[in-house]
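Asks: Throw the hints in and build the complete structure from the sequences for me.
There are 2 protein chains.
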Amino acid sequence: MNEFDDALALDPLQDGTFAATLTDDWAIGHAVNGGVLMALCAKAAGVVGKAGHDHPLSLSAVFLSPGLDGSSRVAPMVLREGKRMSTVSVDLVQHGELRVRSLVTTGHLDDHAEPVRAMPPAPRIAPVEKCVSMADAPEGSVPEDGFFHRYDLRLDPDHVGWAVGAPSGRGELLGWIRLADGRDPDPLSVLAAMDAFPPVAFDHGARGWVPTVEFTGYVRGVPAPGWLCVRTQTTTLTGGLHEEDCQVWDSTGRLVGQSRQLASARF
Amino acid sequence: MNEFDDALALDPLQDGTFAATLTDDWAIGHAVNGGVLMALCAKAAGVVGKAGHDHPLSLSAVFLSPGLDGSSRVAPMVLREGKRMSTVSVDLVQHGELRVRSLVTTGHLDDHAEPVRAMPPAPRIAPVEKCVSMADAPEGSVPEDGFFHRYDLRLDPDHVGWAVGAPSGRGELLGWIRLADGRDPDPLSVLAAMDAFPPVAFDHGARGWVPTVEFTGYVRGVPAPGWLCVRTQTTTLTGGLHEEDCQVWDSTGRLVGQSRQLASARF
Numbered sequence: 005m006n007e008f009d010d011a012l013a014l015d016p017l018q019d020g021t022f023a024a025t026l027t028d029d030w031a032i033g034h035a036v037n038g039g040v041l042m043a044l045c046a047k048a049a050g051v052v053g054k055a056g057h058d059h060p061l062s063l064s065a066v067f068l069s070p071g072l073d074g075s076s077r078v079a080p081m082v083l084r085e086g087k088r089m090s091t092v093s094v095d096l097v098q099h100g101e102l103r104v105r106s107l108v109t110t111g112h113l114d115d116h117a118e119p120v121r122a123m124p125p126a127p128r129i130a131p132v133e134k135c136v137s138m139a140d141a142p143e144g145s146v147p148e149d150g151f152f153h154r155y156d157l158r159l160d161p162d163h164v165g166w167a168v169g170a171p172s173g174r175g176e177l178l179g180w181i182r183l184a185d186g187r188d189p190d191p192l193s194v195l196a197a198m199d200a201f202p203p204v205a206f207d208h209g210a211r212g213w214v215p216t217v218e219f220t221g222y223v224r225g226v227p228a229p230g231w232l233c234v235r236t237q238t239t240t241l242t243g244g245l246h247e248e249d250c251q252v253w254d255s256t257g258r259l260v261g262q263s264r265q266l267a268s269a270r271f
Numbered sequence: 005m006n007e008f009d010d011a012l013a014l015d016p017l018q019d020g021t022f023a024a025t026l027t028d029d030w031a032i033g034h035a036v037n038g039g040v041l042m043a044l045c046a047k048a049a050g051v052v053g054k055a056g057h058d059h060p061l062s063l064s065a066v067f068l069s070p071g072l073d074g075s076s077r078v079a080p081m082v083l084r085e086g087k088r089m090s091t092v093s094v095d096l097v098q099h100g101e102l103r104v105r106s107l108v109t110t111g112h113l114d115d116h117a118e119p120v121r122a123m124p125p126a127p128r129i130a131p132v133e134k135c136v137s138m139a140d141a142p143e144g145s146v147p148e149d150g151f152f153h154r155y156d157l158r159l160d161p162d163h164v165g166w167a168v169g170a171p172s173g174r175g176e177l178l179g180w181i182r183l184a185d186g187r188d189p190d191p192l193s194v195l196a197a198m199d200a201f202p203p204v205a206f207d208h209g210a211r212g213w214v215p216t217v218e219f220t221g222y223v224r225g226v227p228a229p230g231w232l233c234v235r236t237q238t239t240t241l242t243g244g245l246h247e248e249d250c251q252v253w254d255s256t257g258r259l260v261g262q263s264r265q266l267a268s269a270r271f
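Protein chains in written order, with the working numbering: chain A, 5 to 271; chain B, 5 to 271.
If you're looking for bench data, these hints aren't it; they were derived computationally from the structure.
The model shown is predicted, which means the values in this text are computed figures rather than measured ones.
You can trust all of the hints, since none of them are fake.
The list treats identical chains as one, so a pair stands whether inside a single copy or across any two.
Straight-line alpha carbon distances no greater than 25 Å define the calculated DMTMM-like cross-link-like pairs of lysine to aspartate or glutamate that follow: (1) K54 / D95; (2) K54 / E101; (3) K87 / E101; (4) K87 / D190; (5) K54 / E85.
Replies: Right under this line is the structure:
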């Protein structure tokens with residue numbers, strides 16, 4: 005086992021729901037990272053949908069209250085079983101309080117791999133060893149929050165200005181990511197990775213927590229082993245709301261994930 | 005009244021749901037357009053959420069079965085009432101069959117209008133009178149489906165090759181749209197407009213019906229009166245699935261809508 009699969013452990017209960025345990029190991033402050041909550045929902049959807057529909061193709065989620073360290077219940081309900089896709093509504097609940105409601109479409113990604121008629125190439129990015137990680141930060145400046153120790157995240161040197169008070173104003177971050185314990189990516193971790201980067205609004209000078217209003221991610225392929233390349237962008241930041249788009253390429257340069265979230269931003 | 009508001013008429017019932025009538029006037033073949041179904045869900049969410057949270061900020065939807073001419077039930081459930089936003093789950097049902105499940109975030113768009121820190125300008129596009137409408141097609145070639153008569157849709161002349169067997173391969177459509185009866189746009193019609201253009205996959209040579217797997221739209225502003233400028237794009241078309249992104253600008257050049265859907269494509 006490894007940290008990510010430990011976090012996604014689902015214990016089936018007699019009523020068709022699953023028990024899961026959220027932990028501060030994946031939290032920033034007290035709030036467990038949304039990517040992990042979504043991966044839990046997607047995993048449960050893959051279990052209850054039609055046989056063979058084991059991958060998340062799409063997941064949309066709204067976040068009603070912060071997931072906290074402790075036990076939780078993941079409650080999936082199959083809405084439709086089609087030939088190539090199932091549709092599942094999944095709630096994540098703690099102590100009777102709804103944390104996340106999600107709509108998940110599941111299928112088998114190999115059925116949607118070929119032919120490749122159009123695909124954006126991976127962006128130009130510095131090699132991993134030339135990118136900047138939190139380990140490069142001055143001693144004592146890395147936050148102790150568990151989440152920051154679960155991923156190895158390296159930002160392209162041209163995209164770190166915001167961290168030293170000089171946001172570029174482009175609204176774009178670019179970097180590499182992998183799970184810190186070396187676990188290779190899979191469709192569930194691609195989904196989680198799309199909510200793992202620093203908020204792209206930081207590149208416009210926003211600060212502090214950036215609550216997500218709505219998140220939708222598509223997994224477009226089974227990732228090859230190795231690092232994931234991630235680019236996040238925003239084009240429209242008005243009245244404290246912005247969209248954050250994310251693209252994920254695997255180590256072979258295949259686009260394996262696309263997401264967009266609507267989020268607040270504070271200045 | 006006008007055609008669009010007629011289609012969105014909601015009759016409140018004692019159990020907290022609403023009766024609505026779907027009609028072939030908005031259908032392609034037998035299936036009522038998803039944009040109208042989503043606007044119905046968004047309208048119901050605006051009614052039941054907190055007072056003042058009357059606009060849809062985001063809507064995510066999955067489509068379980070085609071909406072058909074006849075009576076329907078719109079069933080909203082408030083999941084959260086926050087200070088600036090409410091979150092509402094809305095089902096659209098016909099004869100006990102779930103057609104659409106949606107997650108809607110509502111609020112008041114004026115609260116998110118200023119300041120404008122970033123916004124993409126409207127694209128270069130030919131003026132409305134130089135664009136190509138269905139009325140320009142050879143007599144008898146305009147389909148009789150009701151939906152095609154509800155909108156006045158004009159495509160930029162540089163984006164009509166697909167209609168005459170010469171798709172550009174760029175994966176992009178660009179044009180103007182307004183409701184055919186001249187009703188001015190509002191946040192609900194912006195949402196509907198994001199599912200009203202021809203499938204962008206046609207610009208890669210796809211044909212026929214393009215079923216939507218998942219749709220998420222954000223309304224980013226109250227549109228000014230007049231035409232809406234719409235651009236749709238796809239970057240990734242693999243194994244018969246693609247994402248369709250849509251941006252909508254109002255007649256003043258303000259970006260008022262962003263959407264993405266995951267959809268099938270047949271060749």
